[in-house]
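Q: Throw the hints in and build the complete structure from the sequences for me.
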Amino acid sequence: MSSTKAAKLDETLLQFKLPVSVRNALIAMIGVGVVSFLIAFFGFGHETSRHMDEAGHFHHTNLGYHILLIGAYFVIGLSITGIFFTAIQHLTGSQWSVTVRRIFETYGLFAPVAGLLLVGVIFGMHDLYEWADAGVRENDHLIHHKAGYLNPTAFIIRCVLFIGVWSVFAYIFHGKSVGQDKDKVVDTTKTLAKISGGFILFFALSWCLMSFDLLMSLSPHWFSTMFGVYAFAGAFQTSLASYLIVIAILKKNGYLGEAVNENHYHDIAKFLLGMTTFWAYVGFSQFMLIWYANIPEETFFYEMRMTGGWGYTTLLLPFVKFVIPFLLLLNRPNKRNIDFLWKLAAWILTVQFFELFWLVFPANFEKFSILHFVLAFGGTVGVVGLFGFFVFKKFEKHSLVPVGDPRLDECLHHHQ
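For the sequence shown, position 374 (counting from the first letter as 1) is numbered 374 according to full-length UniProt numbering, and the numbering increases by one without interruption.
Keep in mind that the hints were calculated from the coordinates and are not lab data.
Keeping only pairs whose Cα atoms sit at most 16 Å apart, straight-line, the calculated EDC-like set for lysine to aspartate or glutamate is:
#1 251 - 10
#2 8 - 258
#3 251 - 262
#4 182 - 11
#5 367 - 303
Just the calculated beta-carbon pair ranges, DEER-fashion:
#6 42 - 10: 45 to 53 Å
#7 145 - 254: 57 to 65 Å
#8 182 - 307: 57 to 65 Å
#9 296 - 181: 52 to 60 Å
#10 371 - 181: 42 to 50 Å
Values in this document were obtained by computation on a predicted structure and should not be read as measured data. Note that beta-carbon positions come from the ideal geometry of N, C-alpha and C, so glycine has one too.
A: Next comes the structure, spelled out in structure tokens:
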């Protein structure tokens with residue numbers, strides 16, 4: 001970082017009012033989601049599952065709960081990795097991110113709402129998770145041995161615990177930061193740094209367990225110790241991309257001014273490039289180790305995603321989620337161009353849905369269905385619209401930049 005000419009901080013550009021066009025777009029997204037979910041829930045409430053009972057009859061499942069699971073996990077990823085990125089900035093004493101940090105902080109406030117979405121997943125537990133059936137836990141040898149962990153009571157307790165603790169941390173980070181805007185107490189920064197270490201330790205364990213619960217346990221016979229890290233990489237990649245979309249919307253509507261510039265875009269884009277590469281590394285490592293070991297209890301996870309029309313999605317996933325973003329982010333001018341970045345970011349959010357669809361649906365549906373895909377996409381659009389509406393309304397209540405942070409001046413001198 002060099003300290004040449006500092007950017008100017010115009011506080012009149014930090015008081016946000018949700019533009020009508022953005023509000024209407026977000027409400028339309030929510031509407032699409034509601035319609036998609038209702039069609040799925042009431043029109044496809046008796047779909048044939050790939051699982052059978054002891055008598056050899058196929059179970060039936062409600063499509064709506066699968067769509068709700070994808071949407072809930074999508075926004076949980078956005079919200080909780082927002083808290084994580086906030087904690088990283090505090091723990092490392094980061095200066096470059098001060099003027100964009102309020103975005104990360106605000107994301108975390110959505111955690112309780114995400115918890116309400118999980119209530120719907122809990123109601124649909126028997127449609128989603130084979131292990132939720134007491135008969136299966138009793139008669140399936142492998143699931144019986146996992147029943148101490150995989151049972152409805154333990155599942156609900158973990159959901160409540162994780163969402164509760166994440167929410168507490170989110171409101172502490174945001175509340176103290178907003179309070180510092182007014183009182184300018186330097187010790188608040190030190191306090192947040194100390195709290196951040198504890199959160200990161202809790203996050204590492206809780207995120208992995210939440211990913212095991214919501215996604216990996218859809219196939220309770222399958223297991224991968226790498227899955228939590230794999231899920232984190234995809235969620236954090238998506239969260240980083242979404243920051244660029246939010247910044248682009250704010251800048252387009254005349255907010256932030258010189259407080260956020262191409263150097264901040266560049267830094268976030270570098271994180272995005274790194275996480276894109278990390279996702280590919282973990283994903284390939286998981287696939288290679290399982291496929292090469294050729295243990296039936298592990299390989300079936302990929303086998304059922306290579307038959308029934310799912311093979312095309314499996315082949316497409318690494319190309320759309322890694323190759324395209326990776327190649328486009330290698331170019332330095334691209335990483336400093338917000339008009340380019342928000343479009344790429346929208347692509348990354350779309351392929352995150354694609355990946356979650358690939359993770360969730362084959363576990364219960366033997367054949368790929370374009371109608372299922374369209375309804376699931378519509379449902380996810382709705383949940384993301386709800387998330388966006390919540391975040392932008394929260395922006396209205398406080399300054400868009402932590403003006404009381406003692407590192408603000410260094411951030412305004414940020415150059416590369």
